[in-house]
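Novice: The lines below spell out each chain.
Number of protein chains: 2
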Amino acid sequence: MADQNELEQIAYRIQTALQNNQVEEASTLLQELHPADQADVFQRLNDREQSLVFPTLSVIATADLLEELEDDEVLEAVEDLSIEKLADVLDEMEPDEAADLLGDLPPEQASEVLAQMEDAEEVKPLLGYPDETAGGLMTTWYIGMRRQTTIEQAIEFLRQIEPETEVPYYLYVIDREKRLVGVVGLRSLVVSDPKKTMESVMDPEVIYVTAGTDQEEVAEVMTRYDLTSLPVVDHQHRLIGVVTHDDITDVMEDEATEDILHLGAVESAGLLDKSYWEQNIFNVVRSRFIWLLALFFAGTLTGIVLKNYEDELQTVVALSFFIPLLMGTGGNAGAQTVATVIRGMALREVRVRDIFQVWWREFRAGLLLGAMLSIVAIVLGLFWQVDLPLAITVGITIAVITTFANTVAAVVPILATAIGLDPTIASGPMISTVIDASGLLIYFTLAAWILPQL
Amino acid sequence: MADQNELEQIAYRIQTALQNNQVEEASTLLQELHPADQADVFQRLNDREQSLVFPTLSVIATADLLEELEDDEVLEAVEDLSIEKLADVLDEMEPDEAADLLGDLPPEQASEVLAQMEDAEEVKPLLGYPDETAGGLMTTWYIGMRRQTTIEQAIEFLRQIEPETEVPYYLYVIDREKRLVGVVGLRSLVVSDPKKTMESVMDPEVIYVTAGTDQEEVAEVMTRYDLTSLPVVDHQHRLIGVVTHDDITDVMEDEATEDILHLGAVESAGLLDKSYWEQNIFNVVRSRFIWLLALFFAGTLTGIVLKNYEDELQTVVALSFFIPLLMGTGGNAGAQTVATVIRGMALREVRVRDIFQVWWREFRAGLLLGAMLSIVAIVLGLFWQVDLPLAITVGITIAVITTFANTVAAVVPILATAIGLDPTIASGPMISTVIDASGLLIYFTLAAWILPQL
Chain A
18 MADQNELEQI AYRIQTALQN NQVEEASTLL QELHPADQAD VFQRLNDREQ SLVFPTLSVI
78 ATADLLEELE DDEVLEAVED LSIEKLADVL DEMEPDEAAD LLGDLPPEQA SEVLAQMEDA
138 EEVKPLLGYP DETAGGLMTT WYIGMRRQTT IEQAIEFLRQ IEPETEVPYY LYVIDREKRL
198 VGVVGLRSLV VSDPKKTMES VMDPEVIYVT AGTDQEEVAE VMTRYDLTSL PVVDHQHRLI
258 GVVTHDDITD VMEDEATEDI LHLGAVESAG LLDKSYWEQN IFNVVRSRFI WLLALFFAGT
318 LTGIVLKNYE DELQTVVALS FFIPLLMGTG GNAGAQTVAT VIRGMALREV RVRDIFQVWW
378 REFRAGLLLG AMLSIVAIVL GLFWQVDLPL AITVGITIAV ITTFANTVAA VVPILATAIG
438 LDPTIASGPM ISTVIDASGL LIYFTLAAWI LPQL
Chain B
18 MADQNELEQI AYRIQTALQN NQVEEASTLL QELHPADQAD VFQRLNDREQ SLVFPTLSVI
78 ATADLLEELE DDEVLEAVED LSIEKLADVL DEMEPDEAAD LLGDLPPEQA SEVLAQMEDA
138 EEVKPLLGYP DETAGGLMTT WYIGMRRQTT IEQAIEFLRQ IEPETEVPYY LYVIDREKRL
198 VGVVGLRSLV VSDPKKTMES VMDPEVIYVT AGTDQEEVAE VMTRYDLTSL PVVDHQHRLI
258 GVVTHDDITD VMEDEATEDI LHLGAVESAG LLDKSYWEQN IFNVVRSRFI WLLALFFAGT
318 LTGIVLKNYE DELQTVVALS FFIPLLMGTG GNAGAQTVAT VIRGMALREV RVRDIFQVWW
378 REFRAGLLLG AMLSIVAIVL GLFWQVDLPL AITVGITIAV ITTFANTVAA VVPILATAIG
438 LDPTIASGPM ISTVIDASGL LIYFTLAAWI LPQL
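Protein chains in written order, with the working numbering: chain A, 18 to 471; chain B, 18 to 471.
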């Protein structure tokens with residue numbers, strides 16, 4: 018394990034070596050590191066340095082490194098490899114990672130490489146599944162045993178194949194048709210009588226998912242039941258692969274990133290498999306512009322509302338002083354509710370059928386918060402020496418807007434989910450725009466009732 | 018594994034059984050489930066139903082269930098248990114979970130229970146560590162072996178102690194002073210020659226953390242190196258515990274929740290160990306009011322700015338139509354940048370020393386986005402038949418505000434981190450308020466230059 022400073026120093030030593038044409042030494046320095054640290058150091062090198070050192074790595078080191086890099090760094094790096102070396106490297110990689118890489122290559126290149134691979138059969142079955150499903154996450158490196166196999170035989174088999182590090186801590190028991198019937202932990206293998214059969218020590222209550230299960234649900238099942246690996250079956254209940262815990266932490270990071278970006282009005286598609294630094298400026302602009310534009314047009318609603326109240330604004334200019342404050346408070350109250358509800362839904366604490374209870378909670382919270390703020394607003398208004406009627410208008414408006422914002426923000430994410438939309442997209446940025454326009458209407462309506470001049 | 022509908026039906030059957038005074042049957046129904054599902058069903062019962070069924074559970078079932086419940090549900094549930102039963106239950110629980118529970122009990126009750134426990138020695142060493150550190154997360158259920166132990170002896174030892182499910186997949190090798198010197202995977206135990214010693218099969222390059230390491234870093238190390246368990250050492254490098262993968266997924270969920278709530282202007286403290294439904298309305302209001310109030314006062318800045326431009330507003334009322342739109346766009350552009358930068362920091366892609374590069378990227382992105390939006394704004398203004406000078410003012414303002422918002426939002430989270438503040442608290446809600454007021458100043462300054470009437 019190395020900390021950031023050490024890694025930076027190693028990167029610097031590699032760069033110096035490369036400048037002095039000591040490519041061999043640079044390569045050795047890199048290969049001495051843990052694969053995760055290799056990737057870190059490799060990312061600190063510039064394109065030219067990467068191209069110099071990458072082809073000098075051993076097949077195993079290349080495979081390890083590729084497994085750690087982000088998708089589009091991988092594509093860039095493999096351009097420096099021959100088809101033959103790439104095939105060897107893919108043979109060394111975990112089948113799920115190899116399949117991901119092949120899926121990202123241009124089709125003809127992918128089939129050329131596949132044709133050269135020795136272990137193509139491990140990878141081919143994985144190519145057909147969408148990335149974001151259990152099928153896309155799973156590996157074919159799992160161990161299936163028949164019921165009547167003894168523990169002794171199983172251990173002997175493991176000794177012969179010398180399983181790689183990635184092979185899970187569980188052996189799966191399958192019947193004649195490859196249907197999943199049980200699971201045996203490596204622990205039971207160690208501690209049970211060697212003469213016993215797999216059937217007698219297996220747990221028949223295996224938790225599993227099917228290939229089409231969405232990755233978010235896969236992550237939920239694995240966290241819920243604290244699993245380090247989860248078998249995947251097809252429609253005939255045949256074992257076809259296993260999802261391992263390292264894939265799941267990636268999924269959890271991606272899902273959290275997606276939520277945060279969507280709530281911040283950034284389109285996440287295409288950004289999740291890139292680090293901050295790999296997103297070029299045009300991708301950044303593309304991922305944001307469409308949202309800014311949509312919100313801009315939604316925002317013109319507030320202009321239209323204001324235009325309709327032109328006369329009132331002309332009569333009492335002081336009305337306009339409070340517009341940003343009122344809109345800001347509504348937006349903030351809405352954002353608070355959205356953050357709470359969205360997170361509750363992501364953690365599966367809030368479900369669609371809870372919509373009424375959520376609304377009722379947020380309605381009361383909004384009312385309470387609004388009442389407290391409206392007192393503050395009235396005191397502040399008087400302190401600013403605006404008319405009492407205007408101060409009262411602002412105070413009442415704040416209470417109404419806060420309550421309204423809370424209830425809209427409580428209901429919209431749940432409704433969006435109910436009709437199959439992504440709740441974070443529908444909620445975060447859009448809600449505050451809707452609240453802005455409605456808030457203005459509420460403000461002017463109340464003003465017309467209360468202010469004698471209007 | 019059971020889906021939500023099945024669980025709901027089981028909860029309903031338990032409720033019916035309880036109504037008919039068939040407590041025994043309700044208890045059996047609950048105990049047949051997987052512990053994670055037990056917790057789910059238990060949470061669907063009301064307080065009275067919970068109090069009826071909870072004391073009837075076996076010691077093991079009670080321990081399993083308590084391990085799955087959230088902190089304050091646990092406290093509520095254990096009120097129904099005698100000191101004796103609670104001590105038995107804690108003996109069954111994983112030491113880290115038992116220590117958490119004891120830490121939450123009133124001190125005198127905790128020491129009474131500890132005095133009655135058989136395995137108090139497993140738990141006591143854990144009581145001193147703060148919850149959010151490696152020491153607070155770790156368990157004392159790990160297996161340490163001496164270098165010269167043979168694999169045969171190790172397996173024999175494992176058979177004797179029949180390790181519980183929670184015991185990790187690794188054996189740690191320690192020297193005479195209990196210092197951590199190596200690690201042996203259960204896998205090597207299975208596949209190596211039984212006569213070999215631990216020293217000859219161990220990996221001496223053990224990745225570890227110290228007891229005081231923050232949980233966020235613990236999670237980062239475990240995800241980075243794909244570990245299912247991570248040893249924790251004290252200052253003399255002595256092995257004192259192990260953090261397991263299930264604790265890490267909890268940490269990751271908590272960190273993501275914290276980020277989302279802070280960006281949504283909700284104080285997360287006190288909410289992370291409660292589910293959405295357990296947060297009573299006064300906690301909700303408390304966690305939000307202070308932020309709404311702070312933002313309200315910050316928002317009065319915009320009012321002060323507008324008040325200063327009272328004459329201009331009186332002369333050209335149309336100026337006010339664009340205020341919400343301009344402020345909204347600035348706020349949205351800032352929110353996009355904050356979301357991107359904050360997430361980059363959470364994933365350790367963006368570091369403090371990168372501040373200048375981040376600023377430069379976001380400056381260019383803001384300029385580009387602003388230029389595009391300003392064209393849209395001018396066309397829209399003409400379409401709305403406002404004066405050309407006003408439309409141009411709005412267009413230029415939008416470009417300036419967007420660029421300004423992007424750069425402020427890029428720099429603030431990083432500066433906050435540099436001086437030791439939580440970047441999500443400092444950034445999300447506060448930035449948009451600052452941008453609002455600065456945006457208005459920019460707008461009126463530009464208007465005074467461009468509009469002939471002013």
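Each hint should be verified, as a subset may be incorrect.
Straight-line alpha carbon distances no greater than 25 Å define the calculated DSS-like cross-link-like pairs of lysine-lysine that follow [as the list claims (entries may be wrong)]: (1) B:Lys324 / A:Lys212; (2) A:Lys213 / B:Lys212; (3) B:Lys212 / A:Lys212; (4) A:Lys212 / A:Lys195; (5) A:Lys324 / B:Lys324; (6) A:Lys291 / A:Lys324.
I should point out that these hints are in silico values taken from the structure, not numbers from a laboratory.
Nothing here was measured: the structure is a model prediction, and the numbers come from that model.
Novice: Are there hints from earlier that the structure breaks, and if so, what are their numbers?
Specialist: 1, 6
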